Structures are given as C-alpha cells and as structure tokens.
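Take the given structure of chain A and dock chain B to it, following the hints.
Line order of the protein sequences matches chains A and B. If you want my numbering, it's the position in the first sequence, counting the first as 1, plus 46. If you want my numbering, it's the position in the second sequence, counting the first as 1, plus 19.
FYI, nobody ran anything at the bench for these hints, they're computed from the structure. Just so it is clear, the structure is predicted and the values come from calculations on it, not from any experiment. One thing to keep in mind: the hints can contain errors.
Claimed, not checked - Short, incomplete list of chain B residues facing chain A, as computed with Cβ under 8 Å:
id	residue
1	Y73
2	S357
3	V379
4	T410
5	W434
6	N440
7	N444
Built from N, CA and C at the ideal position, the CB exists for glycine as well.
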Amino acid sequence: MDTILRLVVLLVLPCLLLSVSSSAWADNVLRTQMLADNCAICHGTNCVGSLSIPNINGVMSAEDFLFKMNGFYFGDENATVMDRIAKGLSRDQLNDLAFYFAKINRSR
Amino acid sequence: MFRPSRRDVIRYLGSLGLASLAGVTSFPALSSTNSGARIVIIGGGFGGAACAKYLRRYDPGLSITLIEPKDKYISCLFSNSVLGGLHPMDFITHGYDNLASNNDIKLIRDQAISIEPANRKVVLSDRQKIDYDHLVVSPGIDFRWNQIEGYDEEVANLVPHAWQAGKQTELLRSQLQSMEDGGVVIISTPTGNFRAPPAPYERASMIAYYLSQEKPKSKVLLLDSGTDFDSQELYTKAWNKMYPGMIEWVGGSSVVKLDAAQKTVETTSGDILKGDVINLIPPQRAGKIAFTAGLTDESGWCPVNQKSFASTHQDFIHVIGDSCIAGDMFKAGSAANSQAKACAAGIISSLSGKDMPDPVFMDVFYGVINKHYAISRIGFYELVDQKIKKTAGGLSSKRSSDVTRHREMVYAEAWYHSITNDTFN
Numbered sequence: 047m048d049t050i051l052r053l054v055v056l057l058v059l060p061c062l063l064l065s066v067s068s069s070a071w072a073d074n075v076l077r078t079q080m081l082a083d084n085c086a087i088c089h090g091t092n093c094v095g096s097l098s099i100p101n102i103n104g105v106m107s108a109e110d111f112l113f114k115m116n117g118f119y120f121g122d123e124n125a126t127v128m129d130r131i132a133k134g135l136s137r138d139q140l141n142d143l144a145f146y147f148a149k150i151n152r153s154r
Numbered sequence: 020m021f022r023p024s025r026r027d028v029i030r031y032l033g034s035l036g037l038a039s040l041a042g043v044t045s046f047p048a049l050s051s052t053n054s055g056a057r058i059v060i061i062g063g064g065f066g067g068a069a070c071a072k073y074l075r076r077y078d079p080g081l082s083i084t085l086i087e088p089k090d091k092y093i094s095c096l097f098s099n100s101v102l103g104g105l106h107p108m109d110f111i112t113h114g115y116d117n118l119a120s121n122n123d124i125k126l127i128r129d130q131a132i133s134i135e136p137a138n139r140k141v142v143l144s145d146r147q148k149i150d151y152d153h154l155v156v157s158p159g160i161d162f163r164w165n166q167i168e169g170y171d172e173e174v175a176n177l178v179p180h181a182w183q184a185g186k187q188t189e190l191l192r193s194q195l196q197s198m199e200d201g202g203v204v205i206i207s208t209p210t211g212n213f214r215a216p217p218a219p220y221e222r223a224s225m226i227a228y229y230l231s232q233e234k235p236k237s238k239v240l241l242l243d244s245g246t247d248f249d250s251q252e253l254y255t256k257a258w259n260k261m262y263p264g265m266i267e268w269v270g271g272s273s274v275v276k277l278d279a280a281q282k283t284v285e286t287t288s289g290d291i292l293k294g295d296v297i298n299l300i301p302p303q304r305a306g307k308i309a310f311t312a313g314l315t316d317e318s319g320w321c322p323v324n325q326k327s328f329a330s331t332h333q334d335f336i337h338v339i340g341d342s343c344i345a346g347d348m349f350k351a352g353s354a355a356n357s358q359a360k361a362c363a364a365g366i367i368s369s370l371s372g373k374d375m376p377d378p379v380f381m382d383v384f385y386g387v388i389n390k391h392y393a394i395s396r397i398g399f400y401e402l403v404d405q406k407i408k409k410t411a412g413g414l415s416s417k418r419s420s421d422v423t424r425h426r427e428m429v430y431a432e433a434w435y436h437s438i439t440n441d442t443f444n
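Extracted from the complex, chain B is given alone in its bound form:
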C-alpha cells in the first residue's frame, strides 16, 4: 500500500493553506454537565493539586475539595539545587491560596486519617467526615523504616534522607555546610521502586557543585542499589569534566545497617564505610492512607486502571502520583501532573456516563549538573493493551555541545516555573 511519509503530508497540507481552516473552525469549550458532583482530593502535591485545578477546567460545575494539612508545599523538584546552593528554600516553596482562589477549590487544612469507601466518606483528624461522589488519593510516598537496621523516622533527624523536601532538605544542607574540607559524603539509593529514580545522580552532582567551591578536597560516595543507570554515560562524562576525582559511583551496593553514632554504614557486600555526612534514602511504599483504605497490593503500591486511575480495589476512588502503579512511568512530579489530567478526564467522563478517550502521558526529568549545565530525560507514554507503555522520548543526546547543555539548564528553570504554575496556580 502507498504510504506518503510524514514529511510529504505535513509539507503538502501546509501548502494547501489549511491554516485558514483553523481560523473558521471554533474549538468548543468543554461544557458543564455534572453540576454539584462532589470531588474530594487527598494530598496537595503535584498530583492532587493539578487534579483539583484540571477538574475545574474540565467541568466548571463540580464541587471540588482539597484536603492538605500543610500550609505550603515544598517540592522535591529542584531541591537538589537548593543543596547545591543554586537556590534558596523559597524557590521550591509554594502556597495554596492562588490554587484555591483562581480555581474555586475548597481547601481543608487538615489530615485525612481514614476513608470509608462503603459510605463514601473521608474522616479527618478532628473526626469530621467529608462526603464524596469521587475521591482522588494522591498521598505521595511513605518510607519502609524496618528495612535498614538502625534507621528509623527518629534517626532521620540525625541522618537525613531528604527524599521529602522541607526540613530534611535544610538538615542535609546544614550538615554539608558544617562539614570540614576533606570530608566524605555518602549518598545511598534505596532498593525497590522509589520516587524519582534519576534524582540521586543529580543529587551527587549538586553536592559536588557545592563542595567543589567550598570544600574542594571532599568526596562524594554514591552507593547505588542498581548496577547501572540509563544516563550513566552522560553523568560520568560530566562528572569527569567538572568534578574530576570527586564523585565515586559504586554500583550494586545498598546499605543494610546504619550506626548513626559512629557515622558508619554497612553495605550488602559487608563493607563498613564512614561518612562525615550520610544521606541515606530508605526503601519506599505508597502513602499511609493508601494502606488504611485498602488501596495497596502486595507490592506496597496501588493498582489502578491505567487509563482513568480508578482503583482496582475500591469503587469511586482514584489513585494518582507516586502511590499508584502506572506502567512504565517513573514516580515523579511531572508524571503525577500528567496522570492528574487523565484522572480528571476519567472522573468527568464517568459522571456523564461516557467512555473517556485514551490519554497520553509525559514525564520530564532535568538533571542539573552545574549552574550552566543540565541534561534531560523525557518520557512519552500511551496506553497499549490497557497498560501505560513508553512509546517515545529518551535522554539528551550524548553528542550535544556545552552550548546545548547550557540551554537545557535555562529550560530546566523555565520548566520548573511552568510546572509549578500549572499545578499550584
């Protein structure tokens, strides 16, 4: 069969002046069909906040309530650049007032402590119950504290994970600042699925960025539970150039035991290593409320219909963001934002008794390596046999010039500006 190439078609359609068609064809707005339906969202991160906003954009008639106990959201995105000293904490801190007022969203500043799926109610910490027609659960991650001997929530006040941004980020930053020149910083990645798999390499870069200026005799030891990583060639090349001899990457090594008093870690291979600063990132699972509501499976994450994000365990509950099992997608703020939009479309379609169109998804990672140099990883995903499959995307080219790497850094900051506005405004 004859198939003209995309270039032929696009060039030819262009030459026909089809653009003028667009001028006379109006693009209809989505209409309100579900007046008064009560949608409640638990969790105001990139998933929950974006879902609240896009539900409003897709249907002006809904009643939308967001339950989030924190006054402000502090994003993990760009928190590594705070560790590196590129930005202050304010840069990664976002309030909820604009989100609520711009999009007519009711904010409940309280903790959702449980869900009653049979009665369709959310229970708050003051025992008040909130009714819903559809519930979106976007609680992010929780840590599996029993996996590393000697490491628990309390000890994390001395040995930070900094894998939820905020006080933990400040703690790690202050430990780096008070470390002597010539010290060793140990970063350890977790086993199992975890939030932002490419982020440990950016973290090592940003810590090295800080050390190379202030404490150039220091070292970063990155203990990686994986035996390789997809951007390894890009990072290794950049590290050798910018931080020669400073970052040592050890693949296939994870921490089994911490001695917080001695500042030592024991690895799977039996080595005992001493760090002046230890950044120990523990294994992870879905946020607590996902467990109490019966939304998780044996993996510790939440299975969902990968088109609408409806829970496969509970009716009228959707799970998005890091807590859900979303096929090939990484656990990431951008992934949560993308899933939030499909979930919002799934809810309005369900309310009006329609089958929703197949969504596409994207996630975006920028890895900031120094002030003028960044790389990116793009994921483009579509539904294939009911599962989210990566169909395009990939890493920055290995052959790109330093000029392009610098442009990527400029775009990284613009991207952060865009995605936070798209989520919290």
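Bound conformation, chain A alone:
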C-alpha cells in the first residue's frame, strides 16, 4: 500500500495542483459549469436541493464530496440513483465537481 500511495503522490498530486493553477482553472470554468449544471436536473438550480433531494452547494468540503461519491461508486453509500450516476463520472470530472461544489454559492 505504501508504494501505491507514494506513486499517487508523485504522479497524481502534481497534476491536480497544476489543474488548480489559475490559468488552467479559467479554461476549465465553462467545462465544469456545464458538467455541474447537469446535476441541477435533480438538485435544482445552483444545486441547493429541493424537498428530499439534498443541497450540495457549498455544504461539503472537496474531501467529503469525493468520499461520498466514492461510496456511491462502490455501493458503500445507500443510493437510489447516485450509484448509477457516480459510475458515469471520470476521476477528473469528480475532482472538478468536488472543488466546484465546495465553493459555489452563485447567490443561491
């Protein structure tokens, strides 16, 4: 396991840090926005939730978001539709969404 973790640090983390550098972020804004706006089909505009569907706007850290989606993906989290949706998202898309939802407000 140690070897795996070390490799992750060496290979994945630099890429991730690069992707949050400001110019890369700017290029990525519309892509992430379009991706997240699909979540609004169920979670509502700005993903503030409605009735039984939870608010995911700025209520979770990126870490918690990834942990939750990981749980849906592997069936550790109780789900009705999120298990099927989590399987459609790539690692990059999950990371983009994690940072996006940790931050957004867009005045609700």
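What follows is chain B alone, placed relative to chain A:
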C-alpha cells in the same frame, strides 16, 4: 503500467486534506463578453425555457427573447400522475413570469410562424419580424396525422392522445372518470421515434392505479409497437403485484385504423378491438416550424452538431429538445433541459470565437407505478466521435426492496420540483 484504483486515489487525496485547497481557490464566474448579442428562442418548453435561463447565467450581457404563444406551460412530465388522480392539473402547470423577471428575458407571447435564415429574422403571426444573431428552435413534437386511418387532429378531440399535456390530459381523465366499471381502456404506442419512450408503461400503471380504486373490474390493454422494452421486468413484476390481471401488455402490435364512432381499433395483425376508452398515441415528427425553416431531414427530425446543437442545415440556428436528433438520448423534458445548457454554452463560445468544451448530458425518467412505488431510468451521455453516446446509467435495480421503491417515489416528486424550478424560474 501502474494504475491505482479510483478508491485508492480518492481515499488518499482525501487524507491529504485537499479540501483545504478548495478553500483558498476561488471559482471564477463566467464573464460577460458578448454584450448586446441578440439571442431569440422559439418555444418555451423544457428546452427553450432552460436555454433562455442558462444563456443569461452564462453571459449577463446578452439580449434574450423567448417566443411562446401559451400563457402557461403544462408539462407532460407527471401528467400520467394527473391521470391516476395523484395530482391536480395545477401541479403540472407553470407560468413564465418568474422565468422572465428572474433572468431578464423578454417574453413575446405570439406564435413564430416562419424563419428567414438568410436575413436572420423570425416572423410572428402579426407579421412583425424579430432579428437575431443566434436562434434556438425548441418546438417539441408534432403528429403525423396521416399514419392511422380515421385518426386526425379533429378526431383527437374524441379519442385523446394526451401526448401533449393540457386539454388532452383533461379529456382522457374525464373519459376514465365517466367509464363504467368493467370497461376496457386501450393504450396504443406509436411507431418510429417518439417523445418519452418509457412513458406508456407509466401511463398504463397510473390508469390502473385509478381503476383499481374506483373501477376494479376494468382492464387496461397496452398495444405496444415494440416487441419488448428495457424496463419490462420491473414493470411486469410491479403490475402482477399491484394490479394483478388488470394490465395486459401486447408486444409487436400497433394500430392502423380507428373507428371513433364504434370505438374500435384495427391492429397490424388484423385484430379489431373494442375499447370503452381509447388512448391512441400517433406517430411523431419535429414541430411544424422546423419543417418550414428547412431544419429537418428525411427522418422528419432535425440533424444537429451533437456538441453545440447547431443545425447542420442552417447557419446561426440551433435545435434542441424533442425535435433534434441527439444520438442515444431519449426525447424527454430532462434531455431537453440538459441539451439547452450545452446549446447555451455553444452559443456563448461561438460569439466569443472560442471552441466550446465537450459537454456531458443526462436524462432522467421516473416511472410512477403507484402512490408509494416508483422506478427510474438514468442516462449519462458523452460525446464519442462527435456523437452523443450513452456511457453510464441504467434502470433501478431489479433486486431493490419496497422501501427503496418508496424512496424513489419520494425522489420522483422532488426531482419534478427541481427540474421545473431549474427550467421555469
């Protein structure tokens, strides 16, 4: 090559406390770069209304006009639950005032009767012409009235299709209410591509829901032009449990002739069947204006660039929703909402001379089977070789408990609340 699993990566990134990074990285808002560009949208359904709203969200500088003759939109989504008596018509009725005022959208309450692509103008019924830089056409479906002998727009006032919600929904509901106990309700699905392919099974369920309470000796005969359907196992199991003996599904059967006076239909196999209530759903094609504007191909639907929804037939015109050909996606309100966002991004990218990022798409169907029981179908789509391909999703698990089915029903209603707010507010 070494590839750590997603679980390893996600768990490890989490343990590094990357969350704190998010706290210091601001997510920039999309900036206005296209001040004054005139975007006109024809059709205020799930496609057109969502496109108007998301154009505003993606670019505060645009001038956005929505042309829609109806005062209020009545959604096909959840109209089956109105037939079942779960909800009143008000539940599926949505005004446009909030959409217009919250998002600074100009509403023209008139019918667009034609488009002049060369001059970039839309012609209204009062002959007024509206100029556009980009036009979004989202006219929904029209019916191919010549396909079933004895069935046309006039006869539909007696034998409802209820595949566009509103008066048709009320007509079918009132016919169900005045039917005697022990009557037969015939539902017939169309041939070819049509709006909401999973919806006939929900309709049969919701009609059975009503009949099982009020007229338990009655039957529902579902004549299906298809020979099977993807949620067949889920529906069959639920029907046997909740409405035993009430719903008869006949695959590979469609109606070729209607005798409205005798209340009989003739099927492709030559059977003549009598129904006390007949719900005949005719074959479909793109909305009328798509034809007059030269946006359709020989299929009767509109080919588009499946990334930006730009028409492949006319420059500066985009087609979204049921009228367009969108790869693997179903024709559905949720699909139209998803396409509307990609189309809005395509337009702002085009105006600023940038290549738009590849979009992803989703569509969502809930099938309400009774008051406490629903199933769902999720589609997750990405662009593969310029075409929209289904890459994930699927149906509710066959093994789910009744508790989960009940949760799906609770989520179905919340989803409807979300998607209508996301489109009409």
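Each hint, compared with the structure:
1. Y73: holds (7 Å)
2. S357: holds (6 Å)
3. V379: Since chain A brings a Cβ to about 6 Å from B:V379, closer than 8 Å, the hint holds.
4. T410: holds (6 Å)
5. W434: Holds. Min distance 5 Å.
6. N440: holds (6 Å)
7. N444: Because about 7 Å separates B:N444 from the closest Cβ in chain A, which is inside the 8 Å limit, the hint holds.
The structure is consistent with each of the numbered hints, conforming to all of them.
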